[in-house]
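Residue numbers (the working numbering), protein chains in the order written: chain Y, 1 to 343; chain V, 1 to 343; chain P, 1 to 343; chain H, 1 to 343.
Hints were generated in silico from the structure; no laboratory data involved. What you are looking at is a predicted structure, and each value in this text was computed from that prediction instead of being measured.
30 Å max Cα-Cα, derived DSBU-like pairs, lysine-lysine:
1. 306/Y / 217/V
2. 216/H / 306/P
3. 216/V / 306/Y
4. 220/Y / 217/P
Computed far set for chain H versus chain P, every beta-carbon distance over 12 Å:
5. 46
6. 47
7. 82
8. 108
9. 119
10. 120
11. 125
12. 151
13. 183
14. 216
15. 254
16. 258
17. 259
18. 295
19. 343
From the three backbone atoms N, C-alpha and C, an ideal C-beta is built for every residue, glycine too.
4 protein chains.
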Amino acid sequence: MIIDLRSDTVTQPTPSMRVAMANAPVGDDVYGDDPTVNQLEKLAAELLGKEAALFVPSGTFGNQLAIMTHTQRGNEVLVGDACHILMHEVGAAAVLSGVQIRTFPVLDDGIDVEKLGLMLRGDDIHFPDTGLICMENAKSSGKTVPLANMEAVYALAQSQNIPIHIDGARIFNAALALGVEAKEIAAQGDSVNVCLSKGLCAPVGSLLLGTKKFIKKARKNRKLMGGGLRQAGILAAAGIIGLTEMVSRLEEDHQNARYLANRLEEIDSCSVLRNRLDINMVFFTLPESVITESTLVAGLLEKNVKISGQEDGEYRFVTNHGVSSDDIDWVIESMKTLVSRYS
Amino acid sequence: MIIDLRSDTVTQPTPSMRVAMANAPVGDDVYGDDPTVNQLEKLAAELLGKEAALFVPSGTFGNQLAIMTHTQRGNEVLVGDACHILMHEVGAAAVLSGVQIRTFPVLDDGIDVEKLGLMLRGDDIHFPDTGLICMENAKSSGKTVPLANMEAVYALAQSQNIPIHIDGARIFNAALALGVEAKEIAAQGDSVNVCLSKGLCAPVGSLLLGTKKFIKKARKNRKLMGGGLRQAGILAAAGIIGLTEMVSRLEEDHQNARYLANRLEEIDSCSVLRNRLDINMVFFTLPESVITESTLVAGLLEKNVKISGQEDGEYRFVTNHGVSSDDIDWVIESMKTLVSRYS
Amino acid sequence: MIIDLRSDTVTQPTPSMRVAMANAPVGDDVYGDDPTVNQLEKLAAELLGKEAALFVPSGTFGNQLAIMTHTQRGNEVLVGDACHILMHEVGAAAVLSGVQIRTFPVLDDGIDVEKLGLMLRGDDIHFPDTGLICMENAKSSGKTVPLANMEAVYALAQSQNIPIHIDGARIFNAALALGVEAKEIAAQGDSVNVCLSKGLCAPVGSLLLGTKKFIKKARKNRKLMGGGLRQAGILAAAGIIGLTEMVSRLEEDHQNARYLANRLEEIDSCSVLRNRLDINMVFFTLPESVITESTLVAGLLEKNVKISGQEDGEYRFVTNHGVSSDDIDWVIESMKTLVSRYS
Amino acid sequence: MIIDLRSDTVTQPTPSMRVAMANAPVGDDVYGDDPTVNQLEKLAAELLGKEAALFVPSGTFGNQLAIMTHTQRGNEVLVGDACHILMHEVGAAAVLSGVQIRTFPVLDDGIDVEKLGLMLRGDDIHFPDTGLICMENAKSSGKTVPLANMEAVYALAQSQNIPIHIDGARIFNAALALGVEAKEIAAQGDSVNVCLSKGLCAPVGSLLLGTKKFIKKARKNRKLMGGGLRQAGILAAAGIIGLTEMVSRLEEDHQNARYLANRLEEIDSCSVLRNRLDINMVFFTLPESVITESTLVAGLLEKNVKISGQEDGEYRFVTNHGVSSDDIDWVIESMKTLVSRYS
Ligand SMILES: [Ca+2]
Ligand SMILES: [Ca+2]
Ligand SMILES: [Ca+2]
Ligand SMILES: [Ca+2]
Ligand SMILES: [Ca+2]
Ligand SMILES: [Ca+2]
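Sequences and hints are given; from them, build the entire structure.
What follows is the structure, given as structure tokens:
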């Protein structure tokens, strides 16, 4: 068996999901006829406190669909520096929606609301209109954003009639870490995107949520983007189990992440980024002089452990449904052996 | 039970597909780790005679991904008049790829190759470059395009170094009607898109096929468009059955279509468009003076028969896996009753 | 001296224009401070019967700015087949505005309004919204469109709340040919684009006209497209003379075109397209077997006559301010000599 | 007479420019026939040390044309924070070119080359390709970038085969401030944009420069963007004088800027941003508690002095051809009066 720490996207559908998928009643969702998709969308809307939901093929799809639906060609979209939309969505917003992305800093205690306020564009022939603000919680960096900070940002946005989209790919992780309900986070924006295929273990899919009017418009844009699926109830069946049975399980991943962080610190040269250890992601540095990236990746693979290479000089290990505390012990022992062999 | 003639997209996954989906080994396909997706892509490439294949969420996604991957911003894309890309993909090519669509006529005996040749843009500062030609076979109109005509178009395109994309949403229907192998049709272009969720009954998905180089580039553009799925092997498992077990079944749909056409002609005022009766789609007219569209749609629905309203003054009935010849008899008797009641 | 029949864009500014340009009071038009630009825009608005006008760098700029300002990303724009926007603007609408172009036929007696009505998109998830209809008068083909036909199209568009843009690059030529006021043509749409640098002889520029609200929005989009000029009053000064002194002169060009057509028919193998001889453009065919395109172009150039090569098998000779009836005699004699030498 | 400190774009064409414009030989530049445009492009290419040049309607046009010509749809373009392309071009790059903008910090001593290096995108399915890096010199902030810093950035870019575009709207101001030739700055990139209508006093236009191959491609894209002008030699004639006679005059503007800075500091609450006082732009703060923005703007206007409101809390006064040192004295006395009246 492989221990896969690259991401929580690697999670496998659970046995009960497989049964549900095999038995799901389905219909053609482009016609609105799939009962299982409809059930999932209804369930998600209730759970996240939004009027309506829309099943989409991926998290990137959900974020980009939100951008396309909120904005007009030529708008400026404000996003946090280093967020997924800017860094890991292949530059899609400019291609698909013709919008300019500009970044605001997100600090350890959240977004500087005053600075953000200064970034909103006034009425000037040289300026694009500010069409959307995006917040991410939990952030790609592993940190959460305090609810009060999100509230302050949303208040600012509403005062200027600028919509807010929340990238809540790991909203349930964020809610757990912050000790709030997911719907309290979702309430801080006009739309929110939620992933089913990460910690929740569904094989495929995300949900975009918002008002009925917004989701109606998004449904058409989803078709434009090629995301109108047919008998998608197969996937939705697993999503329903994800939302109803798997949310409470995320606590394990968070505990395992803290355990992994502690054990990594047993390795002298490992420096864990403790200030970003909020959810199921452990970021740390390990100098190339101690062990090179390629040696570590290849060495662990020989021990049946898959990790990603560094990004911006940091390793990221992600705990997930397929990783137990015993697995973590195995990873640490393997790393110790490798480090001692090469240093 | 509903008899659904709106499209062959309404097909349900078969029992063996449900078993296969429940048991499919899966992995994270964004990392290239899903064995079932990999198996489907390999199988499809062999079957269609292309170097490589890529699983995508829908037919619209596959066509638009092909356009994005073949072209550069500002190119002109030549497509047949009334084709799916122009008429039924929400204007996506302009939004997603920034390309101008221009149409060439497709006549009953195929594309006028000489006229098409005159439409290729020369070197002039006022002209966009011709970046792509799209052919559709079978066409959305129900007609097939002769293989020799496709060969002539491809020869022209190759002589000018212009790539060809084939919208083969119903390529296996076309092959059956033309009495050729699907790969012979696929050979008339640089890329081809094939749907799994229509007559082949898989719940979700299409395949885009082409050279390894093209598919590598398309894989990245698929991520940009939000079509990078995770444990997509669930869906691919059904697709494999579609390609291996369901292709030969299409003959039934074609026979049923001809049977449906014959029986429709029993209704005096029904005029079947016989010259487009090549595959599983029956187009016909029925004057509003005899029975209005809304009356017919609602009246049949009461009899558990779902049909679409007219488009451009024509009704389209599509035979599919869920429609037997007995069902067709029921449809015809219901229509006769309705027509006699209202006229 | 060269006789230049390639286009009426080759016209030179007149001596009085040069004086006016040398003496024009100017200011920074991005700030709205250029009195001469303001005067031109006011004058044009009055002349064409629109609320407001905007000076733009070119006819292509004006048309594309209208498209950008009327539409939203993803709209469908209906244009006449073979119109300038489709054929000679480098595919710009898809790039700049993300809109899909679809063509309606324009016949000798104008647009088939019933067919056009069927092309307007209904409410369907597969359809882009119809965002704009463009008419061209005079057409690039040399023909005018009857005013009554334009009225019928505008009535249709207004009944569906779809805006109309008129490409009036040669609107004064059209008005002359139709025996109406230019403002009567301009009244058949929500916006109109008018060229100053063709028959009117201004060196640079066009005007986009519409409601105040539309022009305000267009002014910002003009900046986005890089068309915010500074001391543009220099050019506007010539434009004012174009509008006030040069419109009546177009009659000469029309007479010369008819004279040229008559004389071309003295050449046996010349076939003038008489049904399109409405304005200052003479289209004709001359078989390659009689004289090849390259021979004709080069041979005339030796005689100081500049012509364009064929497009779609037709030659186009355009009369303009720099072409007198004596010049036409010289052209015909030169052609006769060349044809007799080579045939 | 108005004293206009809003920008150096407000400069008027000089008397010799007006004479030159009145007498310029012109032709249709879309056909390449305008001798004066050709002369200007040749002259500029020599002066800036590039193979070829292209006359464009504005600085925004030139920058956006460079972006369109260097990049492909979906690329990421790296620009300095607070640069003109990001802040003052209406978000055009996303609309016109479909590219994502990402910012690198530009500090007082220039660009952090190491950090910039880390921003170049590697080969990953989540990443857009880095398609272009833009440098600005002089910067919109009033500062220049040291030549050695530009060289280091260009070396990095060349090592990764990434093109560099230089926004040299005020390249001659930068050259003067740095004590180098403008062509030495232009040599630090593959393309450069130079404005004629600012300190150089031409009424309209900029120049985009690069290799012959690049400019050929840009010429076609210029047509797409609507910037193909006809008898543009009228404007080019003024541009020639700008390049040949007005460059040396910029020294006056720089001296006046320093004089203005000194005098502003006589006003107690005025705080001049001395570290950005490199060219003809003086940035300073003046607290709202001392005098409000609207009071200052309106009060100076009554004294025939035009200034812009604050942007990001700063006033910007720009010296230019129409502003003498006596004018500056008048401005300062007027400000003193206003400040004392309201505080
Ligand atoms: Ca998963
Ligand atoms: Ca440690
Ligand atoms: Ca199906
Ligand atoms: Ca002219
Ligand atoms: Ca004749
Ligand atoms: Ca100026």
